[in-house]
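J.: Listed here are the chains, written in short residue letters.
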Amino acid sequence: MKMERINWFQWSSPQALYPLAGKLIPWFAWWSAVCITAGLYMGLLVAPTDFQQGDSYRIIFVHVPAAWMSMFLYVVMAGWAAVGLGLKARPSFMMAQAIAPTGALFTFLALFTGAFWGKPTWGAWWVWDARLTSELILLFQYAGVMLLHASIDDLRRADRASAVLALVGVVNVPIIYFSVRWWNTLHQGASISMTAAPKMAATMLAAMGIMALGFWLYSAAVTLMRVRSIILERERHASWVQMERVS
Amino acid sequence: MQWNSLNEFLAMGGYGIYVWPSFGVTAVCMVWEVLALRRRHGAARAALVHPSGTMDVTS
Amino acid sequence: MMQMGMTGAVLSLVRRDLLLAWRRRADVATTLFFFVIVASLFPLGVGPEPAVLRTIAPGVLWIAALLSCLLSLGRLFAVDYQDGTLEHMLLAPQPLTALVFGKIAAHWLVAGLPVVALSPLIGLQFGLSGDAIVILSLSLLLGTPTLSLVGSIGAALTLGVRGSNLLSALLVLPLFVPVLIFGAGAVASSESGMGAEGHLSLLGACVVLAIPFAPWATAAALRIAVE
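Protein chains in written order, with our numbering: chain L, 1 to 247; chain W, 1001 to 1059; chain R, 2001 to 2227.
Mixed in with the good hints, there may be bad ones.
Said to hold, decoys possible - To give an idea of the chain R side of the interface with chain L (calculated C-beta under 7 Å), a few residues: (1) LEU2157; (2) LEU2166; (3) LEU2170; (4) LEU2171; (5) PRO2174; (6) LEU2175; (7) VAL2177; (8) ILE2181; (9) ALA2217; (10) ALA2220.
Claimed, not checked - Partial selection, computed: residues in chain L whose CB lies under 10 Å from chain W: (11) LEU44; (12) ALA47; (13) PRO101; (14) PHE112; (15) TRP182.
What the hints contain is simulated information worked out from the structure, not anything from laboratory work.
All of these numbers come straight from a predicted model, not from anything done at the bench.
Every residue gets a Cβ at the ideal spot worked out from N, C-alpha and C, and that includes glycine.
Make a model of the complete structure from these sequences and hints.
T.: Have a look at this one:
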């Protein structure tokens, strides 16, 4: 295989994406391990106890990065879906398909850790807060995209249909967030605020940032791992894949 | 360092029962995802070696 | 459809769909009956306490309206898909988005408007005051078009897929959340003296946003489904 010049269309084939992903995965994986270790060290051992919430606040070191990733990954998934629809590029659809389960996992983790933070902070496992409710609906949307993809046998159609759904969802997320927040303030008054710690110590912010970076790197590594499996499963009759099995 | 002893660290100022499940479940999910993906990739490669193998994903 | 203008084509499509619906009156009646039954089950489940019923009435009516809309969405494109009319629509000289808009309009006239018309009756069952009933019906009048518009995307995406009705419901229900919140909230807001204008204008904003966007997405989904 000759690679003489950098041509973006070169990446628009699964054949090119497969080895590229293989090269990138170790890099993302190691740096994510480094960042998450550093973030855990700072968050659990160095950061001071919050004077209002005590040590329960340390949950936000996983909760906030997970929540960020859940939303970020949805937007990235929709972005790949849009590229796929616009350029009719199969690898873009494969990337979108590879992102969805990781995004759903982070959405679940954001909800789970949110409940464990809410119990000591608000005294309830679940509150119909705008962010929690939007996160729950985000989980439904991830599930919808994955279910739609899984329900259509024709992969070409499955790719494109779930891409349209992902794009429709990305328009809806802000509307849903706004509507739920509005609904929530009407029903409860602004008595509950997620930003219970108005001033966060610098070490807290640093720990959260490093954890978020670690989760981002993790998502990249995991997505590329999944896209490699997807490529092998889908293209296993292609001649280059048959060559791959020798290597 | 915030903590004087391991017990104090594990107790998390009395919030240990909330803090550790959060970190634990997150860790379990993330490690599980990586392991599951390695298995999936291995299975996909195995299906290449035996093209008539158990993996049946129509392309 | 020879050399027909866009408006003419859309209107004739609406007329055709209304005529088909009239021929299958039983289908329309089923949807309406479903709406009434779902709404009537709630007092039996929750208890006949008038104050409780008055509080939950807007939410119950709205959820019953969502469900009955979902029930009828399955038929939106399925019949045309089976008998080949849909392929004809895709090849028609008029833009598909406009034709899809006609289909959605016909769906709302058949499935949405009757629910709006029946809602005062159910409102009375729940002991709502006259003002509350007016606002509830108004909110349904403004909100149900959005349900038809957004729901058509789900119907098109799942066209011809096994278990399409249930799948379409799963895809579309999360997208209905804003309409549910603004719609059911309108009555509560006016009861508490804050006025329903805010809610109703937000419902209006939802329709205005959905009118250009939803038929376009639905048309894209139909092309994907039929290709």
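J.: Does each hint hold? Answer for all of them.
T.: Here's how the hints hold up against the structure:
Using the Cβ-Cβ criterion of 7 Å, the hint placing LEU2157 (chain R) at the interface with chain L is satisfied: the shortest such distance is roughly 5 Å. This hint is violated: LEU2166 (chain R) has a C-beta 10 Å from the nearest C-beta of chain L, more than the 7 Å allowed. Contact between LEU2170 (chain R) and chain L, as hinted, is supported at the beta carbon level, the nearest pair being about 6 Å apart and thus within 7 Å. The restraint placing LEU2171 (chain R) at the interface with chain L holds, with a minimum CB-CB distance near 4 Å, inside the 7 Å limit.
For PRO2174 (chain R), the suggested interface contact is upheld, since its CB lies about 4 Å from the closest CB of chain L, less than 7 Å. Interface hint status for LEU2175 (chain R): upheld, as the beta-carbon distance to the closest one in chain L is roughly 5 Å, under 7 Å. The beta carbon of VAL2177 (chain R) comes within 5 Å of a beta carbon in chain L, closer than 7 Å, and the hint placing it at the interface holds. A least Cβ separation of about 5 Å between ILE2181 (chain R) and chain L falls short of the 7 Å threshold, and the interface hint therefore holds.
Restraint check, ALA2217 (chain R) versus chain L: the minimum CB separation of about 6 Å is within 7 Å; hint holds. Because the beta carbon of ALA2220 (chain R) sits about 6 Å from the nearest beta carbon in chain L, less than 7 Å, this interface hint is met. Interface restraint check: LEU44 (chain L) against chain W, minimum CB-CB distance 8 Å, threshold 10 Å, status holds. Given hint, ALA47 (chain L) at the interface with chain W, holds; its Cβ is 7 Å from that chain's nearest Cβ, closer than 10 Å.
Taking 10 Å as the C-beta contact cut-off toward chain W, the hint placing PRO101 (chain L) at the interface holds, the least distance being around 8 Å. Interface restraint check: PHE112 (chain L) against chain W, minimum CB-CB distance 6 Å, threshold 10 Å, status holds. Interface hint at TRP182 (chain L): violated, since its Cβ lies 29 Å from the closest Cβ of chain W, which is beyond the 10 Å cut-off.
The structure shown violates the earlier hints numbered 2, 15.
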